[in-house]
Structures are given as structure tokens and as C-alpha cells.
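Modelling step: build the complete structure from the supplied sequences, incorporating the hints.
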Amino acid sequence: MIWFEIILLTAIGAAGIMEPIRKRWRKELVVYIVIFLLGSALLILQTAGVKMPFLVDEISKFFKNVLHLSYD
Amino acid sequence: MQLEKGRFSSLELLFLVAGLMQGSIYVSTYTFSNTPRDEWLALLISWSIFLPFALMYLKLSEKYPGDSLVGIHDKVYGGLAGKILSAVYCMYFIISSAMNFRFPSAFLTINFMIATPVIAFAFFLVALCLFATTAGGVETVARLGIFNSVAVVASLLLYLVLLIPKIELPHFFPILDVPPKKLLHSVHIITSEYMGELFVLSSILPYVSDRNLLRKNYFRGISLGNFSFLLVAFLVTGVLGNEAAIFTGPLVETTRLVEVMNINARIEFVFMGFLIITAFYKCLILFYVTLVSITELLALRSYKLFALPLSLLIFSLVMLTNENGPATAAAGRNSWAFVSLIMLMIIPLVTSFVSLMKTAFRKTGR
Chain A
1 MIWFEIILLT AIGAAGIMEP IRKRWRKELV VYIVIFLLGS ALLILQTAGV KMPFLVDEIS
61 KFFKNVLHLS YD
Chain B
73 MQLEKGRFSS LELLFLVAGL MQGSIYVSTY TFSNTPRDEW LALLISWSIF LPFALMYLKL
133 SEKYPGDSLV GIHDKVYGGL AGKILSAVYC MYFIISSAMN FRFPSAFLTI NFMIATPVIA
193 FAFFLVALCL FATTAGGVET VARLGIFNSV AVVASLLLYL VLLIPKIELP HFFPILDVPP
253 KKLLHSVHII TSEYMGELFV LSSILPYVSD RNLLRKNYFR GISLGNFSFL LVAFLVTGVL
313 GNEAAIFTGP LVETTRLVEV MNINARIEFV FMGFLIITAF YKCLILFYVT LVSITELLAL
373 RSYKLFALPL SLLIFSLVML TNENGPATAA AGRNSWAFVS LIMLMIIPLV TSFVSLMKTA
433 FRKTGR
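Respectively, the protein sequence lines represent chains A and B. Per my numbering, residue 1 is the first one in the first sequence, and the count goes up by one each step. Per my numbering, residue 73 is the first one in the second sequence, and the count goes up by one each step.
One should not assume that every hint holds.
[Unchecked claim] With a Cα cut of at most 27 angstroms, we get these calculated DSS-like pairs of lysine-lysine:
| hint | chain 1 | residue 1 | chain 2 | residue 2 |
| --- | --- | --- | --- | --- |
| 1 | B | Lys147 | A | Lys27 |
| 2 | A | Lys61 | A | Lys51 |
| 3 | A | Lys27 | B | Lys155 |
| 4 | A | Lys64 | B | Lys254 |
| 5 | B | Lys77 | B | Lys435 |
No lab work stands behind these hints, which were simulated from the structure alone.
Next up, the structure:
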């Protein structure tokens, strides 16, 4: 499953990356690669079963426990 | 900096505003658990509280015509502080988009297709948003609003006609027989989460072509959105009364009770279809705003280029927002209302104040 996902993501990434390469937009190319790698890494790690923090739950805990801003 | 060449009319803005508000109809369960009988009252109070804020959003946009949210922050707070604040907003938009992609997907899984994973629905929603933004842009996003709003209001009116035999007026009485804290909680959620999200439109307002009608149609849009909420409140409270507080999805339960010729028609899926369309429209607006904001923050040349990696990032985050459905509901009901209050109402208020002060100092020559 993970290998299939990696191959699929590589294909999708390669399809989208051609435009900044063709137009020689360096900054755009770097930002594209960074966002794409971040998204791919998160997806692959989830498929691999790696435990990661839940964003909204963590923000909620911060608001509740640290700022004491919560209705519960 | 304007990334779009396309423009849309203020009439389309009306439906854009209404569509963004109607996109929150399916999460109205948050407030029915607090004020099952006085939901209409909470809506009217929230409406009156929100109107000055809506005017403030418009004033800010009118003061910096042609500037989106990132541009406004740059001009009000200056280079570095403006960029930091815009980066915080970009993070908020990404998380909010992921949450909003999760809600309708979880809604479908919980109510209809229990065995299907949430991620399957989220995938199609993200893919649709990716297609709509890359193939069209702001014009397409605005144009879709008309179909969305008309369909939702028409379906709500249809269900109102079908449910008239089930509506009981005693369900609305006694009025205000609710603890003040619960009423305040409902008003808070409605104002900051359902209505406050209109602040994200600050990134779209520069693309309205006929600006002389902007204000009028913006407020008409808010009225249409609120009218839809009032219709929902009337339906749910009229049919379920106080029982609305105990259901996970009171709106779904209400539409399940439609009877035709004394036979339970089970036509709730028609209404659910429209609800999913509204949710998709809200996701589309949030996705577009996130995309445009990030592109503008990083001073990049095209936003369409980043639609693909951003959709992948948001799709990855859909399963990382909350642990499960109840956690999503609890976060939305309790803590997220405060996050929305800060991001969508307090910071814009401070921005308006700073902007006013800067103008005043400039006039006095200090």
C-alpha cells in the first residue's frame, strides 16, 4: 500500500512540477517541492500507522488547559 | 497585488456570502444542544451583534481597495509584523479548510454510509475543489454560489411545506426559558463560527466589479444566509421541540419524519444532498482563500501552480484534525468558538483600530 502511494504521489508531483521548471521559476519550484513533500510525508506516515498529534484536539487542549477558554 | 484577472458582479457576491453562511447549516447541531427551543432567538441576537462586524470588514476592504487580507495586513502593520500575522492566518485557513473537509465527510459516514471511511469522501471533495480552482478561478467560485443558495432555500421551503403537519406551535414556548450561559454559548458559536467566517471573503472582495453595489449586496447575502438558518431553526424546533437537544443530528432527524399520504417517505437523502453541496461550496471558498493567501504571502507569480500540493497537504491533514467524530463536535462546540472569535472578530477589530489610528496620525501630521 505504501509503495503504491509513493509511486502515485511521485507521478502526481512530477506532473505538476513541470510548469515551474519550464518557466524557470526558482522560488515557485522550491515552494512547490516543500509543500508537496510535506503533504506526501504526512500521508505516507499516516498510511504507515505512525501516531501523530491531532491538530484541532491539541489547539483545543491549549485553549482549555492553558488559556482556560472553553465551555466544557 | 492581484493574482486574478477575473471579476464577478456584486449580485454573485450576494450568493457567495449566503453560500458561505449556508455551508454551516449541517453543523447547526452545536447550538441546538444548548438552545433547542430558542434557536431563532439566538440567531436574531447573533445577527444584530454581527452586523457591525460585517460593516467593519467592508470598511476595511473599502479603505484598501484592490488589496486582499495579506495586502491589508502589510499596509496596516508594516512589512514584518504584517507577514507574521498573515502567516498565522494562512495556518488558520489550512486547519480550518481541513476541518471543513472533514465535517461533511464524517457527516455522510455517520448518517448514511457507515462502512465507508471518512477519507474516501474527503478525497472527492478535495479533488472537486482542486478542479474548480485550477479550471476556473474566482469567477467560477462566485458563479457557483447562485445554484447553491437557490437550491438550499428551495429545498428548505419544500421540506417546510412537507413538514407543516408535524410542526407544533407549543414547541416554541415558553420563550427564553433557558439558562443565560447556554444562550450566550449559542450566540457565541453562531456569531463567531457561522457568521464570522465571512471575514475570509476579504481576500475575494477586491475582485467585485461593480463596487457601488457591494455593500448593499453583501448585507443582502448575510440576510439570505440568516434566513436559511431561521428556516432550519423553525423546522427543527417546530417538529422536535426540546428533543432537538438530544439528537446528534437534529436536522437529519427532522427531515426523516416527512410523511406523504401517511407513509414515511424517507426522502431525507434529497435534503442531505443539498447539504453536502453547501458544505462543498464552503470548502471551495476556504480552499481558494487559503491558496490565494499563501501565494500572496510568499509573493509567488501564480496560485494555480500550488493548488495541487496544497490540496495534497489539506487532504493529509483531514485525518489529523480530530481523533474521532465526538472529538470534532466537542472541539467545535467548546474551544474552537474561541479560536474563531480571536481570528475572525478580535484581530480584525484590532486591525481596523490600528488602521484608523494610522489615518488619524497621518492627518494630524505626527
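| message | When the structure is checked against the list of hints, which entries are broken? Sort them ascending. | response | 5
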